[in-house]
Amino acid sequence: MSHRKDFSGYLFILPALLVILVFRFYPILQAIRMSFFKWGMAGPLYTVGLKNFSRLFIDPKFYQSLGNTFWYVVFVVPLTIIISIFFAQLLNQKIRGRGAYRTIYYLPVVTSIVAISVVWKWIFNPDRGILNATFGIFGIEGLKWLNDARGVFEIMLAPLNIEPSGFFAGPSIALLALIIMAVWHNIGYCVIIALAGLQNVPGQYYEAAKIDGASTWKIFRHVTLPIISPTIFYLIITQSIFAFNTFTPVYVMTQPPGGPLGTTKLVVFYLYEQAFKLWNLGYANAIAFVIFIIIFLLTQFQRRFIERRVHYE
Amino acid sequence: MNKKFPVHILLAIGAFWMLLPFFWMVSTSLKTQMEALRFPPTIFPQALMFVNYLEAFRQVDFSRYFLNTIIMTAGTTFLVFITSTLAAYAFARLKFWGRDQLFMLFLAMMMIPVPVYLAPSYVILSRFGWIDTFLALIIPWSVNVFSIFLLRQHFKTIPQELFDAAKIDGLNHLQVITRIVVPLSKAILITVGIFQIVSNWNAFLWPLIVTHSDSMRTIQTGLAYFAQAESTNYPLLCAASTFITAPLIIMYFFVQKQIMESYAHTGLKE
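Taken in sequence, the protein lines are chains A and B. Under our numbering, the first residue of the first sequence is numbered 4, with each subsequent residue one higher. Under our numbering, the first residue of the second sequence is numbered -18, with each subsequent residue one higher.
A portion of the hints provided could be inaccurate.
Okay, the calculated bits of chain A under chain B, using three or more residues with CB under 8 Å as the criterion [to be verified]: (1) 275 to 281; (2) 284 to 295.
Cβ pair distances, simulated, as ranges [as the list claims (entries may be wrong)]: (3) B/Val7 to A/Gly139: 19 to 25 Å; (4) B/Ile139 to A/Phe10: 19 to 25 Å; (5) A/Lys64 to B/Phe(-3): 35 to 41 Å; (6) A/Ser57 to B/Val7: 47 to 53 Å; (7) A/Pro205 to B/Ile139: 30 to 36 Å; (8) B/Ala89 to A/Ile140: 50 to 56 Å; (9) A/Gly145 to B/Pro228: 32 to 38 Å.
Think about it this way: if two alpha-carbon atoms lie no more than 30 Å apart in a straight line, the pair counts; the simulated DSSO-like pairs of lysine-lysine are [what the hints assert, rightly or not]: (10) A/Lys221 to B/Lys(-15); (11) B/Lys167 to B/Lys137; (12) A/Lys97 to B/Lys(-15); (13) A/Lys280 to A/Lys64; (14) B/Lys(-15) to A/Lys213; (15) A/Lys64 to A/Lys54; (16) A/Lys97 to A/Lys221; (17) A/Lys97 to B/Lys238.
What the hints contain is simulated information worked out from the structure, not anything from laboratory work. The beta-carbon is built from N, C-alpha and C at its ideal position, and this holds for glycine as well.
Next up, chain A with everything else stripped away, as it sits in the complex:
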């Protein structure tokens, strides 16, 4: 009896296990194997593996793509979360049309990124786009957006005669366009999650704070924020990983691929280019391994340094 039970257990997970082993586990082993070659594990791929990694560490385009990704994540994640908490806070009360607002804010989340990239590319069009047209109404000179390789800090510090370059020039205007779109796209999801977090705050906490005469900001800082900090922590992690994996907008919106002077080339796009445009599959594996390590460290880092400041009830 128990033997037959054992057998059916394996049988039932077999289809799932097979797919997982062939299309997840094995590919990951392949990617990891590349890294061991670097430390001199014997095998026919030894020299190739070593070459891939040594090439990676001196590849300026790889560093540029990492730098771009860094700025992209550092801008997208906090902006999205702050704006989302603001709107979630507004929605966390009895007001008419609450459901309708939620529906509208969430709408971009279910929309395909390819389609919204096409539309935002049109919005950002430097000559005919509605964004520059709106700027025109207010007498502001339009930007070249997706064609503009100048760094944001470079522009901001120009009046002070400081000229940061490379990484320190910050995200380019072109990358800023992608950042704006990403914030717009992700707000809905974060609002819903933040709203769920806010609904955990017991109503009497607010009552008590109000009776004590605390200001709105003080209530938010000392009552709301500590209670929703696990939610924020969760959002920071998931949004960082999500932003780190961004590919589609770079592919659809930027011309030449990777943007002006490569300033919108995010690391996943660089991997794609190496693997499937230049067919350097081994080299792409090395990039993939670095991506894996960074995402892993990212989660660990956030666990250690942010979780300490998170208040769990």
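With chain A's structure known, arrange chain B on it following the hints.
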């Protein structure tokens, strides 16, 4: 004046910005190319060029792309239902050696970001000779660990008495699944299904990599291709974007709660 008035103003401004790109997409899709290129632009189209939608369908084979997407979505969703239900049942209800270790292995696979296994997966698929076929679009995604996880959680809550009764009636495991477990898990299965539909409909990177020929394009890779081929014809591009997003947006209005739930569960979007 209502004291909630400022709140409404702020929320309305937010809603305006969220909707603006959608409005602009539909508005542009109905303009002539001449009108679309006018600067400053007209807010509403002067003549409603519904013909743009037909023209977009004529220029590239969107009907084929829709068909491919439907086949891919139906295939993966169907297989995910089967693999997840069976695996979740085994993990939740059966005892076998190494069960918990295997489950941990499954969960660990979920933590791996997609870019990490793109290149190796491609090599495997080409060794199988699956590149540019539906097999490459469907089989690697026929298992969804998160669905297994969700279903397992749910199956554990089904009362033991039901299983005991089924045993007395002499039902085998498959009969238990089809007659007891599945009928009691409709809501969660719908969540799993909706998540599959949304993520397949919007899938881009994978189809882009594993298919090459025009006849194998999905709507997303098809739109990206169209956007490169017709990079300045914005009315046609917006028309295509509209009819590609419309099915999901319509579905969204009906099953909004489930969609939000399925995303809240998974956290990560691909």
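Subject >> Per-stretch coverage check for the stretch 284 to 295 of chain A, three Cβ contacts closer than 8 Å to chain B >> reply: With 7 residues closer than 8 Å to chain B, the stretch 284 to 295 of chain A meets the three-residue bar; holds.
Subject >> Straight-line alpha-carbon gap B/Lys167 to B/Lys137, limit 30 Å >> reply: Measuring from Cα to Cα gives roughly 15 Å; hence the hint holds.
Subject >> Range agreement (Cβ of A/Phe10 with Cβ of B/Ile139, hint 19 to 25 Å) >> reply: 22 Å Cβ-Cβ, so the 19 to 25 Å window holds.
Subject >> Holds or violated: A/Lys280 to A/Lys64, with C-alpha atoms at most 30 Å apart >> reply: 15 Å, holds
Subject >> 8 Å C-beta test of the stretch 275 to 281 of chain A against chain B, three or more residues >> reply: Result for this restraint: holds, n = 3.
Original post:
If you check the beta carbons of A/Ser57 and B/Val7, does the distance land in 47 to 53 Å?
Top reply: 52 Å, holds
**OP:** Take a look at whether the Cβ-Cβ distance between B/Val7 and A/Gly139 falls inside 19 to 25 Å.
**Re:** This hint holds: roughly 23 Å between Cβ atoms.
Original post:
Are the Cα atoms of A/Lys221 and B/Lys(-15) separated by 30 Å or less?
Top reply: Given pair A/Lys221, B/Lys(-15) holds - Cα atoms ~20 Å apart, limit 30 Å.
Original post:
So does A/Lys64 sit 35 to 41 Å from B/Phe(-3), Cβ to Cβ?
Top reply: Given about 40 Å between the Cβ atoms, the range holds.
**OP:** Below or equal to 30 Å on CA atoms is what counts here, so check A/Lys97 against B/Lys(-15).
**Re:** Holds, at roughly 9 Å.
**OP:** Please work out if A/Lys97 and A/Lys221 have their alpha carbons no farther apart than 30 Å.
**Re:** It holds: about 21 Å lies between the C-alpha atoms, which stays within 30 Å.
Subject >> 30 Å Cα cutoff - pair A/Lys64, A/Lys54 >> reply: Satisfied, since the Cα-Cα distance of roughly 16 Å is no more than 30 Å.
When the structure is compared with the earlier hints, no violation turns up for any of them.
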